[in-house]
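> Each chain, written out:
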Amino acid sequence: MITLNKLTKEYDLVGTKVQALKEVSLTIHRGEYVAVMGPSGSGKSTLMHLLGILDTATSGQYFLEDYDITSLPDKEQARIRNKHFGFIFQSFHLFAELSALENVMLPMGYANVPLKQRRDRAAALLEEVGLGQRMAHLPTMMSGGEQQRVAIARALSNDPDVILADEPTGNLPSDKGEEIMKMLESFNARGVTVVMVTHNPDQGRRARRRLFIKDGELWRDENTVPAAPEALHG
Amino acid sequence: MARLKFLPPAEANKILWRRFGARTLESGLLLLAVALGVGATAAGFSLLANTQKVGAEMLASPAYREIVVSTQTKSDDMSTPVVAKPAAENVILTASDLRVAASVPSVKHAYVQSGTELRFTTQNSIRQFAQLRQQVATTGVGTMTSGGSTIVINGPAPAGVGEGGEPAGQGAGSGRQNRMGPPGMLTADELAKKQAEADVFLTEVDQLRGWAVTPQYFDAWGLKAVTGSLFAESEAQSDSTLVVLGSAAAVQIAGTKTDPKSLVGKKILTWEGYASVVGILGPSGTQTIDNSFFTPYQTLATTGGAGPARRMSFNVQLRFAVDSPGRLESAAASLTQLLSETYATDQLVVSNPRAEAQKLIDRNTGIGVLILFLALAALFIASVNVSHILMSRGLRMRQGVGILMALGASRQSILGLFASEGVFLSTAGSLLGALLAWPLSQTMESALGLTSSSVWFLWAGVAGAWVLNLVFSILPAVQNSNVPPADAMRAA
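Protein chains in written order, with our numbering: chain A, 1 to 234; chain B, 1 to 492.
Be careful, since some hints might not be right.
Below, in silico cross-link-like pairs of lysine-lysine (DSBU-like), each with a Cα-Cα straight-line distance of 35 Å or less [said to hold, decoys possible]:
#	chain 1	residue 1	chain 2	residue 2
1	A	K17	A	K83
2	A	K182	B	K14
3	A	K116	B	K14
4	A	K83	B	K14
5	B	K14	A	K75
6	B	K257	B	K267
7	B	K14	A	K176
8	B	K53	B	K108
Which bits of chain A does chain B cover? Going by a derived footprint, with three or more residues having C-beta under 8 Å, they are [claimed, not checked]:
#	region
9	78 to 84
10	91 to 103
Keep in mind the hints are simulated off the structure, nothing from the lab. Ideal Cβ positions, reconstructed from N, Cα and C, are used throughout, including at glycine.
Same shape as in the complex, but just chain A (with noise of 0.2 Å):
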């Protein structure tokens, strides 16, 4: 569902031009999981970023969908990560002046879900996720697990076809880090694609596909079990 054809990515820093990406070319299907790996500066965030929309490639092409999005414009860009991707991050970066389940209901908001509806579902997620007693808490009264679980139901939010989980249990302790990759892994086991930077090699060899990036091209692309996603998932 998602092509990168030669894609760049260039930053020009005080008159020199640094190649973050360089024509990385790659296709991640429906029901994947895949973690990115590599050293760090290597370019594994410039990729996260541009398979987001949240940064704009120098040159190349983004498909998605078989639909070009490589120079949208920026409603239309938001209104794509709004609806087809869902963003786990190291830090959560859940906003301390909402409740838990404000916190989920955001994405909604964008979505024009309308306000009962998007409490509902709030509110079904945090279940799922095993927060159901901590709806009206500030991420200020909970553990780095409890608000990486409410970034991940915030992430699913708007039902999205894609997770993009950058480092998502870089910031816990091995336990919790285990719980939220149970929880990534039952996600994608009902056919949401999931693609994940980590630096963890263990937690990299539980994906079924490993992309290699170093000095900002694509090393190497592991399938560690065969991908057939279209079939497994329909």
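Got chain A; can you put chain B on it based on the hints?
Structure of chain B alone, referenced to chain A:
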């Protein structure tokens, strides 16, 4: 309820407003700064605009298209009666002095104007007259004060004076020369007889100030009688007192039970005799005209005998109305030269009220400009501070902006989010400023002697200041929303 697409969802608004509320002191000071800046600017603008408006209205009056010639007199007492012959060192201007106008082409109208007043015989004054008679009968002298002046009547009281104060042995119909006090000082019985006469009207107004004028006065001021007529030159020499009433003066004299129009043709009893109403003016829009009466200006008459039923003052003014304000200076120069053939230059004052008024207007305008400039400076400083603080708030929230964009917010939505804070600050601050501006503008305008002012200038000032402040308040929103999502995310 469907959300307007450019407005952020409720949850995003909550982020901003909870942050706004968490910084109560900072937010409160911002509001106060905006309020003070807007209030000062609105008051300054109102002052300047009202100065111009009042000045323009003032200069539009016929009074400021005239040259005024009056005497150098030490007496400013408008109520001092005219004496029979002026002292040699005193100069009394007369209507014949108006002849110089014929030699000055730019003079359209020339007239005499002199302050005067009427004291009316009323039920109240009848009671006072009775007390006066009693005093004279008892002590041989009586005094009575009315309208700032005092009447003293000396006896000797004849023997057997009755309660009515009539001399004993004299029946009704005793001659006027035996009468105590002014002609209008009637007894109650006499008053009752007068009231029965169809053409006599008794008012309950004690006194009325007015003007003795030559007929060209009405032309110069564009006044017309809506009932009855004005008086002509020939009528100025008649024995009886003719009056033309201002519109409000007629209502005052008629009272609540009489139609003012019915006063025309009636004789109103005054202390000095009758005043015959020949006409009533239409509303002029000028209080001093509407509340006054007008009587033909006569040259000085002797006292004793059937003199005019009014009291004149020394302060006679010759007024020369010119056809264009630009010709006032030259007209003043010409009149000064012509009058110097008759009078010494130190005996007359030739003044140009328009020039004096213009100096006052220019001075007030200068003060208004200065105040407005200072107020705008205050508003600018307040607006820059608001802009700076909103910018820094936006920078602190930069990563949050990136997150919101990741969740589906467009730049337009982010702009709407930040702009709402700026719009609130500007609007709430401006409304508060309007409350401050009102007493401030009233104080300043009162200090400059502006008696009439338009509140619309104040609101215009508030609106203009609001717009200026709004621009500064929204600029940070434009800047804060114009950031790529990835760059905003990296702001962590």
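> Out of the numbered hints, which ones does the structure contradict?
As far as the earlier hints go, not one is violated by this structure.
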